[in-house]
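Colleague: If you read the protein sequences in the order shown, they are chains A, B, C, D, E and F.
According to our numbering, the first sequence is numbered sequentially starting from 253.
According to our numbering, the second sequence is numbered sequentially starting from 25.
According to our numbering, the third sequence is numbered sequentially starting from 76.
According to our numbering, the fourth sequence is numbered sequentially starting from 23.
According to our numbering, the fifth sequence is numbered sequentially starting from 67.
According to our numbering, the sixth sequence is numbered sequentially starting from 166.
Hints should not be assumed to be uniformly reliable.
[As the list claims (entries may be wrong)] Cut-off 27 Å, straight-line C-alpha distance, at most; resulting in silico cross-link-like pairs (DSS-like, lysine-lysine): (1) Lys383(A) <-> Lys331(F); (2) Lys395(E) <-> Lys424(A); (3) Lys348(A) <-> Lys66(B); (4) Lys507(C) <-> Lys177(B); (5) Lys326(C) <-> Lys286(E); (6) Lys83(C) <-> Lys70(E); (7) Lys326(C) <-> Lys79(C); (8) Lys145(B) <-> Lys350(E); (9) Lys57(D) <-> Lys171(F); (10) Lys177(B) <-> Lys288(A); (11) Lys326(C) <-> Lys274(C); (12) Lys288(A) <-> Lys383(A); (13) Lys171(F) <-> Lys198(B); (14) Lys274(C) <-> Lys332(C); (15) Lys66(B) <-> Lys424(A); (16) Lys383(A) <-> Lys63(D); (17) Lys196(B) <-> Lys177(B); (18) Lys56(D) <-> Lys249(F); (19) Lys288(A) <-> Lys348(A); (20) Lys160(C) <-> Lys145(B); (21) Lys196(B) <-> Lys215(B); (22) Lys350(E) <-> Lys326(C); (23) Lys145(B) <-> Lys274(C); (24) Lys424(A) <-> Lys196(B); (25) Lys365(F) <-> Lys135(E); (26) Lys126(B) <-> Lys196(B); (27) Lys83(C) <-> Lys507(C); (28) Lys92(C) <-> Lys287(E); (29) Lys286(E) <-> Lys166(B); (30) Lys421(A) <-> Lys198(B); (31) Lys269(C) <-> Lys77(C); (32) Lys150(D) <-> Lys167(F); (33) Lys308(C) <-> Lys296(C); (34) Lys288(A) <-> Lys365(F); (35) Lys263(B) <-> Lys373(C); (36) Lys167(F) <-> Lys115(B); (37) Lys308(C) <-> Lys269(C); (38) Lys237(B) <-> Lys395(E).
Simulated from the structure, these hints should not be mistaken for lab results.
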Amino acid sequence: MGVFAEIIGILVTYVLVSNVILTQFLGLCPFIGVSKNSESAIGMGFAVTFVMTLATMFTWMLYNWLLVPAGLEFLKVISFILVIASLVQFVEMFVKKNSPALYRALGIYLPLITTNCAVMGIALLVVEVEKMSLFNSVLAGFSAGIGFLVAILLMSAIREQLEIEFVPKGLKGAPIAFISAGLMAMAFMAFDKALLMNLVG
Amino acid sequence: MGSIILGIFIAIISIGLLGAILGAVLSLASEKLKVEEDLRVKELEQILPQYNCGACGFSGCSGYANAVINEGEAINKCTPGGPELLESISKLLGVEAGNLEKMVAQVHCRGGEKSSVDQYKYSGISDCNAKYQLYSGDKLCKFGCLGDGSCIKVCPVNAISYDEENLVWVDKEKCVGCEKCVDICPTNVMKMIPYSADYIVACSSQEKGKVVKSKCSVGCIACSICVKKFPEAGFVVDKNLSSVDYTIKSDRAPVSEACPVKCIIHPYKETKDN
Amino acid sequence: MKLKSFPKGGIHPPHRKNSSYSPDDLNASLPSIATIPLSQHIGAPSKCIVKVGDTVNEEDLIGEASGFVSSNIHTSIPGEVIEIKDLFLPNGRVCPAVVIETKGEFSRIGKSLEIYPWDDIEKEKLIEIIKDSGIVGLGGATFPTHVKLTLPEGFELENLIINAAECEPYLSSDHVLMLEFSREITTGLKILKKILEPKNIYVGMEVNKKDAGDLLTKTFKEENLDASVVLLKNKYPQGAEKNLIKAIIGKEIPSGKLPLSVGVINVNVSTVYAIYEAVCLKRPLVERFVTVGGGAVKNPGVYRVRVGTSVRSLIEECGGFTEEPEKVIFGGPMMGFTVFDLDVPVTKGTSGILALTKKEVNSARTTNCLKCGRCVDGCPMGLVPSKLFKLIDHNLCDEAVENGLNDCVECGSCAYNCPAHLFLVQQFRAGKSIVRRSKGAK
Amino acid sequence: MNKTINMAIKLLVICSAAAFVLGVVNSLTAPEIKKLEEEAKVKVLGELLVKGKADPAKEIFVENNEYVSSYFEIVDNGTVIGDILYLKAKGYGGMMTLMASYDSNGDLIGSVLMNNSETPGFGKKAEKPDYMNKFKGRGSDSNPLPLFKYQVEEEIDTVTGATITFMGVSSALKKGSDFVKGGLK
Amino acid sequence: MKDKLVITSSPQFHNGDSTLTVMWSVSIALLPAVIWGVIMFGLSALWIMVVSVLSALLAEYLLNRVYNKSTLWDGSAFLTGLLIGLNMPPDMPGLAWIYVPLGASFFAILIVKGAFGGLGNNWMNPALGGRVFVFFSWTNHMTVWEKPLVDGVTGATPLGGVKSGLLGYSGSASNPLDLLNDVTNSNLTYLDLFIGKIGGSIGEISALLLILGAIFLIIKKIIRWEIYVPYLVVFILLVWCFDGNRFGTGLFTGDILFHLFTGGLILGVFFMATDMVTSPITAKGMLIYGAGCGFLTFLFRVYGANPEGVSLAIIVMNIIVPLINRYTKPQLFGHAKLEAANE
Amino acid sequence: MKVFTKGVFRENPVFAIVLGLCPALAVTSMVWNAIGMGFGVIFVLVCSNLFISLLRNYIPDEVHIPAYIVVIASFVTVVELLMKAYLPSLAASLGIFIPLIVVNCVILGRAEAFASKNGPLDSVLDGLGMGLGFTLALIAISLVREVLGAGQITLFEQGETLVRIKLGALNDNPIRVFAFPAGALIVMGYFKSLFDNIMKRSK
Ligand SMILES: Cc1cc2nc3c(=O)[nH]c(=O)nc-3n(C[C@H](O)[C@H](O)[C@H](O)COP(=O)(O)O)c2cc1C
Ligand SMILES: Cc1cc2nc3c(=O)[nH]c(=O)nc-3n(C[C@H](O)[C@H](O)[C@H](O)COP(=O)(O)O)c2cc1C
Ligand SMILES: Cc1cc2nc3c(=O)[nH]c(=O)nc-3n(C[C@H](O)[C@H](O)[C@H](O)COP(=O)(O)O)c2cc1C
Ligand SMILES: Cc1cc2nc3c(=O)[nH]c(=O)nc-3n(C[C@H](O)[C@H](O)[C@H](O)CO)c2cc1C
Ligand code: SF4
Ligand code: SF4
Ligand code: SF4
Ligand code: SF4
Ligand code: FES
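Model the full structure from these sequences, guided by the hints.
Modeller: Here it is, written out as structure tokens:
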């Protein structure tokens, strides 16, 4: 089983098996908040993917090259959040300046991402719990972002459809979105770890 | 002990440095990458709650602020902000409610199941616009309320409900005067009246009195008693139909009493809750 | 031979056609009282030019076209105007109607036919005659034919397509007409050919009318008319203009455009016959073929009926009802309108009168949409009716328009198959009316 | 530029203050956390050892074995009386790690389920001592380790609904026993 | 003459199908399987189905009361209850035979279907939602398999037997059937699998009778080939290509027959994946959906931890249906040219 | 007083504003976890609100966000370290959701919207109210989930000390889905609906 299998493994893990939203409970606020229509859902999904990839990279370097050697693991929260917040702000400014079109498509979702716990959550997960290599961490960050994208895209399609169904009044809007997400999560239990193990070893 | 102090020292240095570097980079970047922005957007953004929750349907508070200023989005989309916020936004943007009297909608027809005559047996969607496609509705009178509640469906504040005769009725306390019901109503029986209106002529038929009588027992027969007997009360009969001139303030209770078909009524009453 | 058809959608309702007839018995009896509405066409209603008490001769003008897209109206019987009253037409519109009681002579009955030569008449004059004769499209839309025949300056017409599809179940008026009057139709086509100068002429019909097709082919050959009969699959709505054109020449009329945009003019075969009568017999449009049918009618058949004859008398002529009908329909069962009053008159656009029994109607309680997709399969216009239905239900008419609401031809294929028995077409009509109204407001 | 420096300095001050506070808190809590970790280790060893001592520092890593990743010896009075093995096993929620101690005959002395992501209520039951007790003392040819559920008494209470975890644990323990019996090869 | 004729909008007649006839036809088509289940497993199976159907109807009745509707007998709740019953193991310990089907039916009708507005509005298959819910909730009850009464051969379901068999297996069987017979000490034949002399859920065991029911539905034009054909084709192809790997026989040696006749595949393919409410609305969409179901069934069944794959595969595909619907709209008549012209 | 109560009910962070969802759903399979999480959040909210309102006049506007974040992150770290040292099993079951308090939008939101504009006393009250609202919401969700999903109510758990009410038959065969993410989301959906309806009535 070579590198290829490992890459596939990480991708499948973070997109399906440990989907940030449907199994890990990370990033639910934007998932519920921005899934009303598909356009913004897709925009949010890509923005999250982008930031998550960069954030895992920077925080990994910070953690393994600075905090661990200096014995300062306890400062991870404060330093990670600083890095992520600055990163988001920097990216926002950069995109705004250099590509107004991209900014219109993605940038407007960026401010929401600082407080999206999926970004920070994945960053913590890969360095602290999973203890992955740099490459794998970045890949995991990227895959988790794609997992977010997939979940929010599916959700937005369901919600757009529900918009014109005859959902009972009391359950319209956020409640039915939660229930739908619950049913989605139940179905996603089909993607168990054993499946992954049997597939890619 | 020494090692602890050393540890704390290292911590201070590294995080302090990290903070300083990031601060410097960001502030440099913000100058280098500055983009001119509409000041009003910034201002509006400041008074929004900054939850960036997306409840408004936009990408965070700044997205919403932008939409309000540049795309004329309604200012009441931020639910977390509540009424206080609404007030401060309207102050900021100078969108005043104005001091015109509030208008509310009301149905000008009382021809319910018992009082009006049917023309045919309808089978189809329970919706006024759909029913209207077939000979303008199943009532013999073509001016009346069809009672299928298209207006109920569009009213954003649930101000419309059925009364005990299964005709719709607007609760003027809830109505915010958006006129959506007026737009959707195919027979134009839903009309706007001032909030303070005390009586309405609950009929819209422009047919001759005799014809009206054959179709509905509570229709306005244009007998003109309201005009002739009470010249001060502000009633006008035009096109076989009486109506009220609300600019005239007067006691209209006796007129209501005198109306032979009793179609001059209060625009407020109890409705079934449903 | 592989039959042509439109590629997408369409349904197969039972035909239930009955085209047996006896040529001698074709004429319905003349009405003693004729109620003639002053709006029997698309466009501005005609202006009434008679008043109560006036005496009129058969085929006299009683309503004058009030604009270019409008049509003349003639009386179908001689007599006295006894009333002018408002009338509900089957399509739901209210219009004034002239009521005439028979008095005096019928000008044509019992007299030998005189056929007027038309070879020397110019194009413009021919259109003028058609206009004066009050001819409107008899395929259902009742669009004034002279308007259709007035081509833009310098336009060279590619195809003239004659619609003889008659895809609606029960109806066989066009079929009988073609069997009985193939020669007259051929002449009518020649007149049209002179007016329009098309490169090709096609007559499209469903294969269940093959006998009429063979007869027409033969007649065309005998009369030296270069026109071809195209047999089409039995599939509803083969006769809808857009589908017919797609089936025959393979071109799609762009959304919101007229057939002219693909170089086609499409005329119904009865209209062609009416043109023949107007030009060669100098007879305005006061009579048409009507199918009387449905399970509740004792002796169904096809009759030649004077405009203004009431349904009641027509049904009595067919032996009355065998059982109480659930519905009485003007037109075919797919596109026709129900009426609540048997005194409504036959008009120029009335292709059939059907009295259906409860069993034929097959109505059932509506349920929620099952998303079964049968409506999508049936829709010839590529719409997703179930979605449109819900959009309109949620007052999202603008979104419905984006999803093609205005492309719906109201053929009813969707609702016919819908297991939820949703009133899809009615909803679409309501939606369109809301859209029209809000556009008008803006 | 002045502004930049100004901002940098202010952030520097805030960050330093924060770091200072955290450093102090950390220095107070760190020993406590360390103590807890130690306790946990002692507890594991307690379940794995009946007598003798083990020095995890002398861990020997095993290459190319599907089940055993490393082991170290149990020494009693200077003689090696058995081994503690780190085992890999396939569970319902992915790979699991076990620690198992065997005497030199391959009989199981004790075992503990370490890292795993089994489901609470199902596979997680295997973390409990009485689950592992079912395997204790077995391993020799006359008293083999159970491989299927029906080979364990009272299986219904403990292992119902978690066959996969059970199969993972049991086959790993068996392979461990074989490994010891095969002379640690 | 009646005083008033009925006025409706066109079309004025109808082909006669209705929700009612569709739903009850499916129930009728399932009847042979129901009877077979009772024959094979005895009355306990019957009681379980009675509980699931009654509780589904009860749940529907409650919803009707709350939302003021009358959909109790439109056949949909009955059918959902019946399918849940057919998806239950034939015997459950203690009171589980009551609360498991009851829980499944309630979850199915009240939450999966009712919360979305009842028939037609749900995006997930209610019966499968209910089944998966109880499967994950009470896995211990849902994975206990009783022996069939007649010619009983094996306790475990074939798929479950193979799956747990493979874990510790060291014998020489090179196909699933041999392995199953080896592990469970029985001698099943493919015919047994086909007729249904095996363990499993009440209604899934007899491929033969289910196929008969399916043919009835195909004739009545209720289920669509656009779903079941791609489902079967993709699944069979994948099994044929890859399933042999598990038995060390290499590519293109998978045992198609074994996989076709076991594990509720036929029930799922013809009766559950074809649920019109939760499948795409256009033919193109249905093809994608069917193929996806086939792929996921293969994936879950062969590689997943749970022996069963069909129900999970279908509800996972249900999630994607709205997205499929969005991207498989038919081409509007007269618009292709319009768009081209505008460009 | 209004400052305090509005966070508990009318502006409840979880049910009204629908923020802070991840912890609200992730840690609510046990009542004790919900309590622990809730207290963590209350601590951070109160302390950071207090500090920020004290410092509000000294923090330059350009860097207020990073500055606030640093303050918040510090308190979060304090909570994390204390919990690991003294309540290790709670810390283990809350896992990464303790450090993630830092990105809980409620906290930064309150700092921005309230503490930076109000005096220390009001800010503390506001933080207390919001935190309590958050905690109550978590406890409500966790009660339903633990009862249904595990058939028990765990009020305290540390080492050998365990305060747990077992609910007979339900405890033997709980409806386990409610302990999984799926159940959490469904329960949340119904809570939200219930809350919305109560709010509508009370208006
Ligand atoms: C408002 C309107 C304008 C029309 N204008 C023309 C026209 O200028 N030329 C023409 O050939 N047909 C015209 N038509 C007729 C249409 O091409 C078509 O024959 C008619 O709508 C009936 O078709 P249908 O029964 O398939 O709906 C017009 C129709 C309408 C409704
Ligand atoms: C669904 C549908 C079905 C139609 N079926 C026929 C038909 O069978 N025969 C026919 O002549 N016209 C039919 N029409 C009307 C034609 O589209 C078109 O209006 C007519 O052929 C034009 O000819 P006319 O103007 O001479 O009536 C149908 C229209 C629609 C929308
Ligand atoms: C939510 C869920 C969690 C599960 N967790 C485990 C587990 O931790 N360990 C395990 O072996 N099997 C687990 N399973 C797998 C099933 O219990 C599997 O069907 C079972 O192992 C079959 O074995 P049985 O014959 O003992 O019932 C889980 C299944 C579900 C649905
Ligand atoms: C062919 C067909 C298959 C069906 N399959 C299911 C099913 O698998 N599960 C179910 O709950 N209902 C099924 N139904 C019934 C119905 O569609 C279902 O209750 C709806 O999903 C409820 O909205 C089926 C109906 C038909 C016509
Ligand atoms: S007022 Fe108009 S829209 Fe409302 S029920 Fe009456 S007819 Fe319908
Ligand atoms: S729709 Fe608008 S105008 Fe009509 S009743 Fe409701 S709030 Fe009033
Ligand atoms: S009525 Fe409209 S939507 Fe229905 S099939 Fe015909 S064209 Fe399509
Ligand atoms: S045919 Fe009827 S039930 Fe089927 S999808 Fe269309 S509207 Fe829905
Ligand atoms: S708490 Fe809001 S995204 Fe996680």
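Colleague: Indicate, hint by hint, whether the structure satisfies it.
Modeller: Right, here's what the structure says about each hint:
1. Lys383(A) <-> Lys331(F): violated (38 Å)
2. Lys395(E) <-> Lys424(A): Given pair Lys395(E), Lys424(A) holds - Cα atoms ~26 Å apart, limit 27 Å.
3. Lys348(A) <-> Lys66(B): This hinted pair holds, its Cα atoms lying about 16 Å apart.
4. Lys507(C) <-> Lys177(B): holds (18 Å)
5. Lys326(C) <-> Lys286(E): violated (35 Å)
6. Lys83(C) <-> Lys70(E): Outside the cut-off at roughly 39 Å; violated.
7. Lys326(C) <-> Lys79(C): holds (13 Å)
8. Lys145(B) <-> Lys350(E): violated (41 Å)
9. Lys57(D) <-> Lys171(F): violated (43 Å)
10. Lys177(B) <-> Lys288(A): holds (21 Å)
11. Lys326(C) <-> Lys274(C): Judged against 27 Å, a Cα distance of about 16 Å means the pair holds.
12. Lys288(A) <-> Lys383(A): Measuring from Cα to Cα gives roughly 36 Å; hence the hint is violated.
13. Lys171(F) <-> Lys198(B): With Cα atoms ~25 Å apart, Lys171(F) and Lys198(B) stay inside 27 Å; holds.
14. Lys274(C) <-> Lys332(C): holds (21 Å)
15. Lys66(B) <-> Lys424(A): violated (33 Å)
16. Lys383(A) <-> Lys63(D): OK: Lys383(A) and Lys63(D) at ~21 Å, within 27 Å.
17. Lys196(B) <-> Lys177(B): holds (17 Å)
18. Lys56(D) <-> Lys249(F): OK: Lys56(D) and Lys249(F) at ~10 Å, within 27 Å.
19. Lys288(A) <-> Lys348(A): Satisfied, since the Cα-Cα distance of roughly 25 Å is no more than 27 Å.
20. Lys160(C) <-> Lys145(B): holds (24 Å)
21. Lys196(B) <-> Lys215(B): Roughly 12 Å between the alpha carbons, so the hint for Lys196(B) and Lys215(B) holds.
22. Lys350(E) <-> Lys326(C): Between Lys350(E) and Lys326(C) the Cα gap is close to 24 Å, so the pair holds against 27 Å.
23. Lys145(B) <-> Lys274(C): violated (51 Å)
24. Lys424(A) <-> Lys196(B): Holds, because 26 Å separates the two Cα atoms, which is no more than 27 Å.
25. Lys365(F) <-> Lys135(E): holds (24 Å)
26. Lys126(B) <-> Lys196(B): With Cα atoms ~10 Å apart, Lys126(B) and Lys196(B) stay inside 27 Å; holds.
27. Lys83(C) <-> Lys507(C): holds (23 Å)
28. Lys92(C) <-> Lys287(E): Holds - the C-alpha atoms of Lys287(E) and Lys92(C) are around 25 Å apart, at most 27 Å.
29. Lys286(E) <-> Lys166(B): The given pair, whose Cα atoms are some 45 Å apart, is violated under the 27 Å limit.
30. Lys421(A) <-> Lys198(B): Status holds; Cα separation ~18 Å.
31. Lys269(C) <-> Lys77(C): violated (32 Å)
32. Lys150(D) <-> Lys167(F): Outside the cut-off at roughly 50 Å; violated.
33. Lys308(C) <-> Lys296(C): Since the Cα atoms of Lys308(C) and Lys296(C) sit roughly 24 Å apart, the hinted pair holds (cutoff 27 Å).
34. Lys288(A) <-> Lys365(F): holds (22 Å)
35. Lys263(B) <-> Lys373(C): Judged against 27 Å, a Cα distance of about 48 Å means the pair is violated.
36. Lys167(F) <-> Lys115(B): holds (24 Å)
37. Lys308(C) <-> Lys269(C): violated (30 Å)
38. Lys237(B) <-> Lys395(E): Given that 27 Å is the threshold and the Cα spacing comes to 53 Å, the pair is violated.
Hints 1, 5, 6, 8, 9, 12, 15, 23, 29, 31, 32, 35, 37 and 38, counting from the list given before, are not met by this structure.
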